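Peer 1: Count the sequence shown with the working numbering and you get residues 1 to 458, in order.
Simulated from the structure, these hints should not be mistaken for lab results. Values in this document were obtained by computation on a predicted structure and should not be read as measured data. Treat the hints with caution; some may be incorrect.
[Said to hold, decoys possible] Within a straight-line C-alpha distance of at most 20 Å, the following computed EDC-like cross-link-like pairs (lysine to aspartate or glutamate) qualify:
no.: 1; residue 1: 172; residue 2: 147
no.: 2; residue 1: 74; residue 2: 113
no.: 3; residue 1: 287; residue 2: 256
no.: 4; residue 1: 430; residue 2: 409
no.: 5; residue 1: 249; residue 2: 280
no.: 6; residue 1: 251; residue 2: 280
no.: 7; residue 1: 74; residue 2: 43
no.: 8; residue 1: 54; residue 2: 348
no.: 9; residue 1: 129; residue 2: 141
no.: 10; residue 1: 276; residue 2: 253
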Amino acid sequence: MKPCVPWLCAVLTTAFFTPRLCGAADAGANGNTPEAVRNAMADYDAGLALLKAKRHNEALAAFRKALEKAGAVKEPAGRTVASVAANNAGNLLMLQGKAADAETLYRRAVASDAKHALAINNLGVALLKQGKTREALQTFEKAVKTDPRQGLALNNLASLLIQAGNLKVAAKYLATSLKLNPKNQRQTLLLTARLYDKADSKPEAQDKLWQSLVNTTDGSPNARLRLASEYLQAGLLPQTERIFNGLLKEKPEWPEARLQQARLRALQGRDAEAVKALRELIPLLPKEPAAKTDLAGLLIKTGNLSEAESLAREATRNFPADPAGWFVLGRSQEKLGRHLEAEKCYFEATRLDRGFANAWNNLGILAARREDVKTALTCYMNALFADPGNTEAQYNLGRSLVISKTDFERGVRLLVTASSGSGEAAARAKKFLADLEKLSKGGDPGWKTADAKTKERR
1 MKPCVPWLCA VLTTAFFTPR LCGAADAGAN GNTPEAVRNA MADYDAGLAL
51 LKAKRHNEAL AAFRKALEKA GAVKEPAGRT VASVAANNAG NLLMLQGKAA
101 DAETLYRRAV ASDAKHALAI NNLGVALLKQ GKTREALQTF EKAVKTDPRQ
151 GLALNNLASL LIQAGNLKVA AKYLATSLKL NPKNQRQTLL LTARLYDKAD
201 SKPEAQDKLW QSLVNTTDGS PNARLRLASE YLQAGLLPQT ERIFNGLLKE
251 KPEWPEARLQ QARLRALQGR DAEAVKALRE LIPLLPKEPA AKTDLAGLLI
301 KTGNLSEAES LAREATRNFP ADPAGWFVLG RSQEKLGRHL EAEKCYFEAT
351 RLDRGFANAW NNLGILAARR EDVKTALTCY MNALFADPGN TEAQYNLGRS
401 LVISKTDFER GVRLLVTASS GSGEAAARAK KFLADLEKLS KGGDPGWKTA
451 DAKTKERR
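Model the full structure from these sequences, guided by the hints.
Peer 2: In structure tokens, the structure reads:
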């Protein structure tokens with residue numbers, strides 16, 4: 001239930017793998033393409049198949065082979081295959097946390113095809129991961145100039161402008177993204193909510209900004225509910241409250257609005273009101289899994305584990321494709337001490353949603369408890385890749401990298417980033433950094449005791 005707004009729109013799975021382009025395929029079918037390119041296309045297709053089978057290291061090798069074969073050919077078909085192969089190889093390296101190596105491949109992708117806007121965007125992400133903010137900003141601008149419809153680049157550029165305080169220009173980019181890229185709408189709306197938060201603390205001023213600069217709501221109840229839901233996801237609770245008060249005054253029995261209001265009550269710490277509302281909503285929303293999973297999550301929070309487990313199991317039976325149900329069932333099992341069952345549930349949640357950061361984070365915690373450092377690091381990296389702004393994942397990965405001596409420098413950077421956030425994870429990151437300073441002076445930070453008290457992400 002904890003809101004979290006990533007400020008960086010990293011390479012998304014929806015645009016992660018570039019399929020073979022029709023022009024190159026058609027040329028190959030007509031026999032007009034050099035043999036080297038046809039061989040490269042075969043390696044590229046093999047890489048896609050390996051990728052689908054989640055054999056990432058073999059897929060990376062296949063894409064590299066395709067790049068080398070196609071890169072030696074000057075014809076357009078060769079440049080196209082080289083560009084998409086380099087882009088996909090770079091994406092796989094980003095998954096491994098190798099931003100500098102990924103940067104090299106993205107530059108090869110752009111060198112092979114200067115109009116490959118997705119590769120230009122991904123190059124910007126790799127630069128940003130390495131702290132090269134100014135160059136990343138220029139790269140995102142280049143991606144947008146190359147393809148004004150490139151939604152990831154529009155959002156990444158807007159995100160950096162929000163960070164820099166250039167809100168009017170950021171709003172224009174977000175407005176363009178909302179109009180041209182419906183697939184990225186949720187991400188864009190979350191960034192828009194962040195824009196409001198930076199612009200003014202007064203709800204009236206933020207609503208005015210929404211209408212004048214973004215202009216995507218027509219004032220209808222459905223549009224206002226969507227806006228309130230995005231405010232809620234962004235953690236802008238006063239604005240959410242104001243909109244819900246108006247909506248439910250007009251339509252007091254609207255179940256979908258009442259569900260979002262119940263979520264608001266939970267975030268406000270008014271658990272009893274939220275539980276009561278969710279119990280009433282379950283029979284009114286028989287096709288909505290969130291009523292049961294949200295209630296189960298609140299019951300876990302209040303210690304009613306038996307009912308929480310029962311509700312979560314019912315949710316997974318009725319909605320087996322809903323990852324949230326498996327996640328909350330995993331939490332109930334973990335609270336009950338059934339760690340193996342919890343792990344199975346979290347894995348199912350990540351299978352259904354590869355971007356489920358909280359599930360990856362909890363898998364990492366379980367792996368750390370059984371001292372499986374390699375698995376824990378992989379899970380934390382997956383969590384952070386899914387949600388770069390996830391403070392809990394930043395803390396867990398940073399701490400693990402430091403303690404395991406895998407990458408001390410990167411671990412400290414992550415801990416510093418986490419410490420600038422909010423909540424329990426930020427507080428733990430600050431303490432850990434203080435412990436590191438104590439250790440450097442010969443003190444005992446008491447980490448072994450702390451290991452036994454690792455808390456799961458809520």
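Peer 1: All hints, please: hold or fail.
Peer 2: Now for the hints, and whether the structure bears them out:
no. : hint      : in the structure
1   : 172 / 147 : 16 Å, holds
2   : 74 / 113  : 11 Å, holds
3   : 287 / 256 : 11 Å, holds
4   : 430 / 409 : 16 Å, holds
5   : 249 / 280 : 18 Å, holds
6   : 251 / 280 : 16 Å, holds
7   : 74 / 43   : 18 Å, holds
8   : 54 / 348  : 15 Å, holds
9   : 129 / 141 : 17 Å, holds
10  : 276 / 253 : 15 Å, holds
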